[in-house]
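Next come the chains, spelled out residue by residue.
Protein chains: 2
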Amino acid sequence: MVHTGKKVIIIGGVAGGASCAARLRRLDEKAQILMVERGPYVSYANCGLPYHIGGVIEKESALFVASEATFREQFDINVRTQCEAVGINSTKKTVDLKDLKTGTTTTEPYDTLVISPGAAPIRPKIPGFDLPGIFTLRTVPDTRAIKEWLARTDLHGMDTYTGCQTVNRPKRAVVIGGGFIGLEMVENLVHLGVEVTLIEKMNQVMAPIDPELALLIKCRIMKNGVHVELNDGVAGFQKAPNGELEVKTESGKTFPADIVISAIGVKPETELANMAGVTIGERGGIRVDDQMRTSNPDIFAVGDAVEVKDFVTGEWSLVPLAGPANRQGRIAAEVICGRNSRYRGTQGTSICLVFGAAVASTGVNEKVLLKKGDKDYEKIYLFPNSHAGYYPGAKMLAIKVLFRPSDGKLLGAQVMGDDGVTKRIDSFAMAIQKGFTIYDLEESELCYAPPYGSAKDPVNFAGMVAADIVRGDMPIVHWNALGNGLLLDVRNLPELAVESVPGAVHIPLPELRKRLGELPKDKEIFVFCRSGQRAYYATRILLQNGFKARNIAGGMLSRPLLLGKLG
Amino acid sequence: MVHTGKKVIIIGGVAGGASCAARLRRLDEKAQILMVERGPYVSYANCGLPYHIGGVIEKESALFVASEATFREQFDINVRTQCEAVGINSTKKTVDLKDLKTGTTTTEPYDTLVISPGAAPIRPKIPGFDLPGIFTLRTVPDTRAIKEWLARTDLHGMDTYTGCQTVNRPKRAVVIGGGFIGLEMVENLVHLGVEVTLIEKMNQVMAPIDPELALLIKCRIMKNGVHVELNDGVAGFQKAPNGELEVKTESGKTFPADIVISAIGVKPETELANMAGVTIGERGGIRVDDQMRTSNPDIFAVGDAVEVKDFVTGEWSLVPLAGPANRQGRIAAEVICGRNSRYRGTQGTSICLVFGAAVASTGVNEKVLLKKGDKDYEKIYLFPNSHAGYYPGAKMLAIKVLFRPSDGKLLGAQVMGDDGVTKRIDSFAMAIQKGFTIYDLEESELCYAPPYGSAKDPVNFAGMVAADIVRGDMPIVHWNALGNGLLLDVRNLPELAVESVPGAVHIPLPELRKRLGELPKDKEIFVFCRSGQRAYYATRILLQNGFKARNIAGGMLSRPLLLGKLG
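In the order they appear, the protein sequences are chains A and B. The numbering of the first sequence is numbering that gives the first Met the number 0, which starts it at 0 and goes up by one. The numbering of the second sequence is numbering that gives the first Met the number 0, which starts it at 0 and goes up by one.
Okay, chain A solo, but in the shape it has when bound (with noise of 0.2 Å):
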């Protein structure tokens, strides 16, 4: 059909550039649109490509989530897969196009350019880097390199029990960079039955998470069969003389592998802005407004590529993240169509399954919050049952709570555990958006059942701890910056028999009230329990007759998180 309206360029497939089309012929059944493809596939699953690496999804044909013939039969929008823009004249309005199946270029005027470009994969300047059976994931054709690659039955080794020379296919993998891409790749390479070796250059592995929690992840990946290198990069690749492919890190280690998959970050695509001219971000991504407009009027980015106002901190960041770039993608149709549209910036909610237990998060955490030298947060940690415990199968969560004492705002929030983790941090991110304090959590009323909660939900369990701090009715303390003072355990005496921390003076609550003599009243006591409930009430006790005292935030649970000595 002949379109009279407006013409739209829009340059990406994907996440943020298949939602900017679609909501556009939605809202304008006259825009002229044409969306073009690098790769060979619009509208992907991105973040299925680990999943079929690992078989566990089977077909290819799953992560298309709507192809070419959808786009342009239920959408009549005109699609170009394979074809790049390589250049952008924003004085005439005009985007040269190349086909890459047969080499021509040709150009194409705008009113309205979209670019979606997206983040690739960091690519680091390392000697060894192109050797064969070295790979990043972004694509699928990266995918099938990478199952092809597994598939191969080339590699020769020396079989343990008989001497000879066999056939054999990769086995042992190194991945490299332990964020969600990481860490999936990781699990999935174990789900195929290869050995994996992690390397991470920083101190801890999926940098949403703080690094005390994240010391889970990494035991929680340990216990799966994976070695797990920390604090060490990697310095080169090379071959060995027997043909092997091997990652040597800074530290001089040597790991043989045979395959590796580099997953050390992304960095937003800006050729396409460069090439239109448009601003480039503190943090190296496309400027835009709150409605997705590039410094250029007439040219919109949206997802991976671009910076996004940090909803916490109100400073710029990259978050590349599917949902925020679906919405930018949305916002930025509907701003083209005249709407007043707002991207009202991300908080960075995310969610990565890593060996049964789901890792999520929102908000700030507290190393932004570390670096930002902002000292008005507290922390709290948690150890509270997925369910009510006397039901079966309630598995212990893990929590982190960073709030404002001085307003009680709720800043961010960390969970982990293998059941009931969705429930909780989409509690936290409802709250986040809304700006709920932590007097607000304490109030919130959640779905309970025996199989699905508890009559005190920890997210409400979170608002009440945290508000009994800033109500001043329990001070606390972290076991990594106890001062001087009396440790005080009062926990039953059979639970010292498994751990028990040298120093620490034992009372157990029943008996407190009775032994109140045995305690100092001129030096702090510090209280702690197994979880930090029966210490908030020895705290209460305590405080009540005089004495100057303060919960360990999270009890013996947070203890090895907190002194680093978990796994």
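Please note that the accuracy of each hint is not assured.
Since the list gives no way to pick one copy over another, a pair counts as held whenever it fits inside one copy or between any two copies.
[To be verified] In the EDC-like style, the derived pairs of lysine to aspartate or glutamate whose C-alpha atoms are separated by at most 20 Å in a straight line are: (1) 394 <-> 418; (2) 455 <-> 333; (3) 252 <-> 28; (4) 266 <-> 314; (5) 100 <-> 245.
It is worth saying that the hints were derived from the structure and are not from the lab. Because the structure is a prediction, the values reported are computed rather than measured.
With chain A's structure known, arrange chain B on it following the hints.
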């Protein structure tokens, strides 16, 4: 130890009372707290009782959240079980307490009285209700009685194979009432291998859910072998000549039963309130202010016996749920200790496990809005996947969302499904707590990874659909309220082979733009597809081409629900 502080008597030692007592002690080490409980146990897991009967919770001891000893030793609370308050003199400020073991009555003075008597199962005044084998379920002793009855072996029956009299355990049960306890008992009896008939006087099970969604629950129950009789009350019980217990219904049916569980609802226990002379509200519960204070400022009431303000409608209501009871107990304790805490009302967030499905709701349902004569609401039906469809194990959710078109405010949500229900209902619950609009839901940033959600979460999706309606982008209509117009089916041909709608014109969405000429411009066109998404696209095409079009909310998936033709 000798207390010097105020004397507080708490009558009722389960959810609300026990919470109040523990909180009171934490806030006031000097208070003299006496907690009395008519039954033999305090602070037991009421909500777990059906599951203990079914053997899901194996040990009875698991039901005791905190023992009498815990209250004495940890909280220094004077506990008297099997102790009933038989008189309250609110002028003298005394309570007469009868020791049910000895029959002795003593009089105890109080400064502040807290009553938390709960709500008792309704015992209908029908013939035979006192026959052996007919039970209600509220307490641990009730649970024991039911378990003992189910374990007895003195039932005589005819062996169908040998024709001999045999000794059997109870194998046929009638459950009366399809609310939370009724449905949980149905499931647990089935779990024990008992044949169950469920009799419900209303036209649906699970009153907090609207009838059309409750149809799905009914189907689920029936699929698990339960015989369901709706729209029928119980007229009476009798012993048949062969000694069998029989249940007679109002419609004249007879159901033999080896055991009957009557769970037709609960009624606030107001005897104590009457003794104390405090005001009873219009719904039959104890009237309290937002600090849980009764009409007598020295008497507080909490838990299932009190009326609460409905958070959304602002009307008085009875909501017997554990979460609110616990929070009310805390708030009463805080107010007694001079704090300014306030109860914010009850949303009625609830969830129930029904043969593998979670059925949950929060906020108001449509029945309430209809009863109020409130016309400023609209409803939508969604049937999204619990997580990304391309990742294995995704289950279809059924979601109904109610909102106010005039200002976009979210009013209520109902969710049913085999997976991912808690994530969504708690998001809706948090949203209602802070007065989110549907526009806020569009922008919510919820956790997403393929095993856990979708880039556009069902909660976002609900916001988008509702906002499309309110913004005028997508007029909708419901299957049970179609006016004059043309039905247009935009599904693909193979889908029609499975099920088609008589009289509907069929134009697949991809052909619609080319075949617009086949449609009338002077008639309303009611568009539908499977779930409503393609119909939305079609509606947009039609509206922008000058047609009068409405999307039939929820498509073919909502049709059997709204036409009452399921199961």
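Evaluated hints:
For the identical chains of this complex, residue 394 and residue 418 are neighbours both inside a copy (6 Å) and across copies (17 Å), given an alpha-carbon limit of 20 Å. With identical chains, the CA atoms of residue 455 and residue 333 are at most 20 Å apart between copies only, with a shortest distance of 17 Å across copies and 41 Å within one. Taking the shortest Cα distances, residue 252 and residue 28 never come within 20 Å of each other, neither inside one copy (60 Å) nor across copies (60 Å). With identical chains, the CA atoms of residue 266 and residue 314 are at most 20 Å apart within one copy only, with a shortest distance of 18 Å there and 54 Å across copies.
In this assembly of identical chains, the alpha carbons of residue 100 and residue 245 never lie at most 20 Å apart, being 36 Å within a copy and 79 Å across copies at closest.
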